[in-house]
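2 protein chains.
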Amino acid sequence: MASMKDIAARCGVSVATVSKALNDHSDIGEETKARIREVAKEIGYFPNSMARALKTNHTNNIGVLFVDEAQSGLTHDYFSHVLDYFKRTVEEKGYDITFLNNKGQGHMSYLEHCRYRGFDGVVIACVDFFDPQVVELVQSDIPVVTIDHMFNNRISIMSDNVGGMRDLLEHVYSLGHRRIAYIHGADSSVTRERLSSFYYNAERLGLEVPDEYIKEAAYRNSKEAAEKTKELLDLKNPPTCIFYPDDFACYGGINEINDRGLRIPEDISVVGYDGIRIGRHIRPQLTTLRQDTGMIGTQAGEKLISLIERPKTTLVEQVIIRGEVYPGETVKRLK
Amino acid sequence: MASMKDIAARCGVSVATVSKALNDHSDIGEETKARIREVAKEIGYFPNSMARALKTNHTNNIGVLFVDEAQSGLTHDYFSHVLDYFKRTVEEKGYDITFLNNKGQGHMSYLEHCRYRGFDGVVIACVDFFDPQVVELVQSDIPVVTIDHMFNNRISIMSDNVGGMRDLLEHVYSLGHRRIAYIHGADSSVTRERLSSFYYNAERLGLEVPDEYIKEAAYRNSKEAAEKTKELLDLKNPPTCIFYPDDFACYGGINEINDRGLRIPEDISVVGYDGIRIGRHIRPQLTTLRQDTGMIGTQAGEKLISLIERPKTTLVEQVIIRGEVYPGETVKRLK
DNA sequence: GACTTTGAATTAATCGTTTAAGTAATTTTA
DNA sequence: TAAAATTACTTAAACGATTAATTCAAAGTC
Chain A
0 MASMKDIAAR
10 CGVSVATVSK
20 ALNDHSDIGE
30 ETKARIREVA
40 KEIGYFPNSM
50 ARALKTNHTN
60 NIGVLFVDEA
70 QSGLTHDYFS
80 HVLDYFKRTV
90 EEKGYDITFL
100 NNKGQGHMSY
110 LEHCRYRGFD
120 GVVIACVDFF
130 DPQVVELVQS
140 DIPVVTIDHM
150 FNNRISIMSD
160 NVGGMRDLLE
170 HVYSLGHRRI
180 AYIHGADSSV
190 TRERLSSFYY
200 NAERLGLEVP
210 DEYIKEAAYR
220 NSKEAAEKTK
230 ELLDLKNPPT
240 CIFYPDDFAC
250 YGGINEINDR
260 GLRIPEDISV
270 VGYDGIRIGR
280 HIRPQLTTLR
290 QDTGMIGTQA
300 GEKLISLIER
310 PKTTLVEQVI
320 IRGEVYPGET
330 VKRLK
Chain B
0 MASMKDIAAR
10 CGVSVATVSK
20 ALNDHSDIGE
30 ETKARIREVA
40 KEIGYFPNSM
50 ARALKTNHTN
60 NIGVLFVDEA
70 QSGLTHDYFS
80 HVLDYFKRTV
90 EEKGYDITFL
100 NNKGQGHMSY
110 LEHCRYRGFD
120 GVVIACVDFF
130 DPQVVELVQS
140 DIPVVTIDHM
150 FNNRISIMSD
160 NVGGMRDLLE
170 HVYSLGHRRI
180 AYIHGADSSV
190 TRERLSSFYY
200 NAERLGLEVP
210 DEYIKEAAYR
220 NSKEAAEKTK
230 ELLDLKNPPT
240 CIFYPDDFAC
250 YGGINEINDR
260 GLRIPEDISV
270 VGYDGIRIGR
280 HIRPQLTTLR
290 QDTGMIGTQA
300 GEKLISLIER
310 PKTTLVEQVI
320 IRGEVYPGET
330 VKRLK
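Residue numbers (numbering that gives the first Met the number 0), protein chains in the order written: chain A, 0 to 334; chain B, 0 to 334.
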């Protein structure tokens, strides 16, 4: 409400002087600066972000594109934690975050929406990375950081799926398991990484992986996971341990197993992926790979701001964030 | 990037004409309008929201204040769903949402942050409603909708805690339970509503509620819930059913009960609150009160937009959103 | 003492829109 | 047919900031 004009009037100087004083330019006298700053505080002045953005071409606002299939990514345990850390990181540096969408006035595309709002940068996660609108946005001149998907010449923050799957497999192997099945998620770059790591490390460890041990079920879909579990349990030579697409889906498998009167982990072992909070609060505690959402969100924030503020000197790279095996109680030590 | 100036140049008209044509004013000829619209589409013109906001004093941007204790409310299952629906509702009407915070540049208060960004309105949930900065914001002239907390002369959307607790109690009563304990959450207006409804309806149903049946444990804290559960189970005359602050906390109680070798619901019944998604995917399915996050979020969005666009004719009221008992499998039918 | 430099401010243009007020041409009205 | 009304524009100011260019006085230099 209070503008520079008000301060200028009260101090008997021009608006330009006020602007320069508040931005601490060198060509304003110290006493004048002090007086202006005092009056500014007194009348509760804060700059108008729109006016400033109009002139400076930067808004201190970051666009967030998190679009889950049906939902908005907000209700996705893994991504909501990532977003939470991202938010805290950028807010501390004076940036705000606004959700990107393509549903609004005039059906703007994501890129158009970015220009409309003048976002300084964008973080993208949890979307269909083959959506033409997403591709268009990534290829534009707007600073972009993607999470869990790589693009050429763009910064991405990647959860270490290859290492995570290796660690999980080694963990389970070290507990004596040799017949391990993997119900993987729907096709995506994340799925491919985990799956190829699974095959690679299984071979390295000398495990046999019959084709019928590999199934597909949608992420976060307990029903599909239960169905695939049923198929696995019905095999002549069933696995001793089943890997699931994620923790949520894993509970679908657990239900199916319990429904058959089998116990976990005594009769069969299960392994999730993500490390969702509730998994540590329900018995038996889920054996899973805890993805480091804190580091992923924080790194995404820091890299994006660096890219915005120092485009030349910011290294465009893929940052790999390691996860950690959470031992839990759902994998039995064999013999 | 493309501005009205570009369109004006290409069409050989003034910028004012372009503005009026695109806003469909009546004093521009139809053919001219058509031509301008065509060129606008052709060069991919979209208005600059900052410039427009500067002039019109409205941004089509809504501030969201969701601040959980440690977290940001994003990782809170109940609120993240509410926010998700809120987001969809307002985005469809051309509004964007930006998170409010007081951590940024110059440590702006929430209200200052609102003025800085020029939010057309604000939705508040999941915060400490006694925080002076929150109070200041609510009392300001900015259109506000609060969720789950009432302020005088302000619109609020309230989950029906009184009705929810009544329905739960009646449900459990109808299954034959007479000794019902309640571990309630930390003090807040929500807690008070539920607790007083618990007492009121217990009396109405002729239930005796000994003081030692009422305990307090923090929301979403499975450890505290487990401790209180232990105290309840150790009573000379333990309850046959325990109510928890919320679903998440309920799992703490379930663990404690299982650790004692007691079965749910055969030996003791438990009841949560919220209706979190995972509760329907883990056996035994939680008996709980499903709060209607969809309706709460949607109503909050619609009322706020109404307040923004039609301040005079928008009824300032408390909208109560009923929940629904989800029967689940954790309450035993007694005889 | 005339000339340059430095310091501290002001002026004016600009960012991309919106909109009240003005203008010129055409049409309507009596 | 002259005055009034309508149509279709343009001009110019404004929103609240930033910043290049300018001014003017005081101080420094030779």
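Treat the hints as calculated values from the structure; they're not laboratory data.
Quantities reported herein were computed from a predicted structural model and do not represent experimental measurements.
Glycine included, C-beta positions come from ideal geometry on N, C-alpha and C.
Hints may contain errors.
What the hints assert, rightly or not - Derived EDC-like pairs: lysine to aspartate or glutamate, alpha-carbon spacing no greater than 20 Å straight-line: (1) Lys54(B) x Asp5(A); (2) Lys102(B) x Glu111(A); (3) Lys40(B) x Asp5(A); (4) Lys102(B) x Glu301(A); (5) Lys40(B) x Glu135(A); (6) Lys4(B) x Glu111(A); (7) Lys40(A) x Glu328(B); (8) Lys222(B) x Glu328(A); (9) Lys222(A) x Glu328(B); (10) Lys19(B) x Glu29(B); (11) Lys92(B) x Glu111(A); (12) Lys331(B) x Asp5(A); (13) Lys54(A) x Glu29(B).
Stated by the list, open to error - Just a few of them, taken from the derived set where beta-carbon distance is under 8 Å, the chain A residues facing chain B: (14) Pro46; (15) Thr88; (16) Pro131; (17) Glu135; (18) Gly205; (19) Glu207; (20) Pro209; (21) Ile281.
To be verified - Short derived list, chain B residues pointing at chain A, Cβ under 7 Å: (22) Glu41; (23) Phe45; (24) Thr74; (25) His80; (26) Ile96; (27) Ser108; (28) Glu111; (29) Ser221; (30) Asn257.
Results for each hint:
no. : hint                  : verdict
1   : Lys54(B) x Asp5(A)    : 18 Å, holds
2   : Lys102(B) x Glu111(A) : 29 Å, violated
3   : Lys40(B) x Asp5(A)    : 41 Å, violated
4   : Lys102(B) x Glu301(A) : 16 Å, holds
5   : Lys40(B) x Glu135(A)  : 18 Å, holds
6   : Lys4(B) x Glu111(A)   : 18 Å, holds
7   : Lys40(A) x Glu328(B)  : 60 Å, violated
8   : Lys222(B) x Glu328(A) : 18 Å, holds
9   : Lys222(A) x Glu328(B) : 18 Å, holds
10  : Lys19(B) x Glu29(B)   : 12 Å, holds
11  : Lys92(B) x Glu111(A)  : 17 Å, holds
12  : Lys331(B) x Asp5(A)   : 69 Å, violated
13  : Lys54(A) x Glu29(B)   : 34 Å, violated
14  : Pro46                 : 7 Å, holds
15  : Thr88                 : 10 Å, violated
16  : Pro131                : 15 Å, violated
17  : Glu135                : 11 Å, violated
18  : Gly205                : 35 Å, violated
19  : Glu207                : 32 Å, violated
20  : Pro209                : 29 Å, violated
21  : Ile281                : 5 Å, holds
22  : Glu41                 : 14 Å, violated
23  : Phe45                 : 5 Å, holds
24  : Thr74                 : 5 Å, holds
25  : His80                 : 5 Å, holds
26  : Ile96                 : 6 Å, holds
27  : Ser108                : 10 Å, violated
28  : Glu111                : 5 Å, holds
29  : Ser221                : 4 Å, holds
30  : Asn257                : 6 Å, holds
Checked against the numbered hints given earlier, this structure breaks hints 2, 3, 7, 12, 13, 15, 16, 17, 18, 19, 20, 22, 27; the rest are met.
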